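Please build the complex by placing chain F on the supplied structure of chain G, with the hints as guidance.
Protein chains in written order, with the numbering used here: chain G, 1 to 339; chain F, 1 to 117.
It is worth saying that the hints were derived from the structure and are not from the lab. Bear in mind that the values here come from a model prediction, so they are computed numbers and not experimental data. Certain hints may be false.
[Claimed, not checked] Here are the simulated lysine-lysine pairs, BS3-like style, with alpha carbons at most 27 Å apart:
| hint | chain 1 | residue 1 | chain 2 | residue 2 |
| --- | --- | --- | --- | --- |
| 1 | G | K72 | G | K86 |
| 2 | G | K86 | G | K23 |
| 3 | F | K52 | G | K155 |
| 4 | G | K86 | F | K37 |
| 5 | F | K52 | G | K72 |
| 6 | F | K52 | F | K37 |
| 7 | G | K155 | F | K37 |
| 8 | G | K76 | G | K86 |
| 9 | G | K23 | G | K155 |
| 10 | F | K37 | G | K76 |
| 11 | G | K199 | G | K86 |
| 12 | G | K155 | G | K76 |
| 13 | F | K52 | G | K86 |
| 14 | G | K155 | G | K86 |
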Amino acid sequence: MWDDILQFIDPVLDAGFIIGTVKAVVIVVALLGIVPALVWLERRLMGRFQVRLGPNRVGPLGFGQPIADSIKLLFKESIIQSSADKFLFHLAPAVVVFTAIVTFSVIPFGESFTVFGEKIGLWGANINSGLLFVFAISGMGVYGMVLAGLSSNNKYSLMGGLRSSAQMISYELTLGLSALSVIVMTGSLNLIDLVDSQKSLPFILVQPLAFILFFIAGVAETNRAPFDLPEAEQELVAGFHTEYTGMKFAMFFMGEYVNMVTMSSLVTLLFLGGWNSYGLPLWPILAFAGKVFFLLCVFIWLRSTFPRLRYDRLMTFGWKILLPLCLFNLLVTAVIKVL
Amino acid sequence: MTEYFFISVFAIVALIIIGALLALSTILGPRNPTPQKLIPYECGIIPTEEAKGRYPVRFATIAMLFIIFDIEVVFMYPWAVALDQLQLFGLIEMVAFIAILGVAYVYIWGRGGLEWD
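So that you can see chain G by itself, here it is in the shape it has in the complex:
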């Protein structure tokens, strides 16, 4: 017992410990800093897609708008309706943000470089089971939504919570199975190994079907349109977070946008070759950021292009089309790999 604890604290005595800790803090702060930028990008792009301007008054190009909004939300009254379960009501948004941030800890976004004789890797933590860790922790995010739906004691919220749990577990299968065909090709769950094995060509060219399936499941997992059934505004008035106000409401959005960044990073790592730039004269980190930015724009593009699916269609689509396609793709990949 004590040995385990000592082994766990052992890195404290190491020089790399300080670097790792600073890195972790910087990554979390940067990640949360991306959220207002992403909100701004989404609102501006949506504006353009719908032939209007979008927010453009606060600050240059309206960039101050999301910052002003979040400060406003901080000063709003926090209303907890009387029949709600107080503890779970507070816990739900915390779970959503917590899982979103911790999931990102294993995402690498560049090669390691050396400063003052210390090797610094551009990742929070480099573990061998990186991909499994991502699936395990991001899967816990469902609890946040279910708890929000249950604790609100509101019919819309309950419906949204139920829908989101059923949707997310259904599409988690597709997510896991389509990533599996990439794992068969590389034989490693380490995300850095995955990128290294795409040095010559990205897996999207080898595994186009897996890429499409993974991306669809990724959009569904992050509850983005056209799969935003849990929060369907017109039917469920925001679903599981109907009763939330102020900062707790904003925390659900923080979670959603951080998840979007994580999912885009994951697609980039698995299928688009991570930070490999394939002959283009780009810094690795810029190549990675460019790919992630492109995918984020695709997320927003999808939202402004497709209408929302009907719930029964969504479930049958996941179970009857995506799941068999995943298994088929996996088998074909394994047969080609072995023979």
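Relative to chain G, chain F alone:
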């Protein structure tokens, strides 16, 4: 172990930020609840019954199906990582495994377990 320590640093930083956000909004926000404000929102209609009631059994069946299939996926992960060593043996094993899974899948589909109405 070191790398997992950094993950726990992430967790701690996340907890601090969450705590700060919740605390700040409690301190900064006004607080004047009224009975009307504290009833559940139902588009202006006064709620007649508790929200927690019966819900469609579909959600429970989907959850059960998920558990079955997810465990199958869990078995496939070590197989996928070790396929290099297992070679043909591993492939045949997995074909048999997926075939058995496929029988169950076709059965569920045939019995209407995947329909939603």
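Results of checking the hints against the structure:
1. G:K72 with G:K86: holds (23 Å)
2. G:K86 with G:K23: Between K86 (chain G) and K23 (chain G) the Cα gap is close to 35 Å, so the pair fails against 27 Å, i.e. violated.
3. F:K52 with G:K155: holds (8 Å)
4. G:K86 with F:K37: With a Cα-Cα distance of about 16 Å, the restraint between K86 (chain G) and K37 (chain F) holds, given a limit of 27 Å.
5. F:K52 with G:K72: Violated, because 33 Å separates the two Cα atoms, which is more than 27 Å.
6. F:K52 with F:K37: Holds, at roughly 20 Å.
7. G:K155 with F:K37: holds (17 Å)
8. G:K76 with G:K86: holds (18 Å)
9. G:K23 with G:K155: The hint is violated at about 43 Å.
10. F:K37 with G:K76: holds (14 Å)
11. G:K199 with G:K86: violated (51 Å)
12. G:K155 with G:K76: Answer holds: K155 (chain G) to K76 (chain G) is near 24 Å, not above 27 Å.
13. F:K52 with G:K86: holds (16 Å)
14. G:K155 with G:K86: Satisfied, since the Cα-Cα distance of roughly 17 Å is no more than 27 Å.
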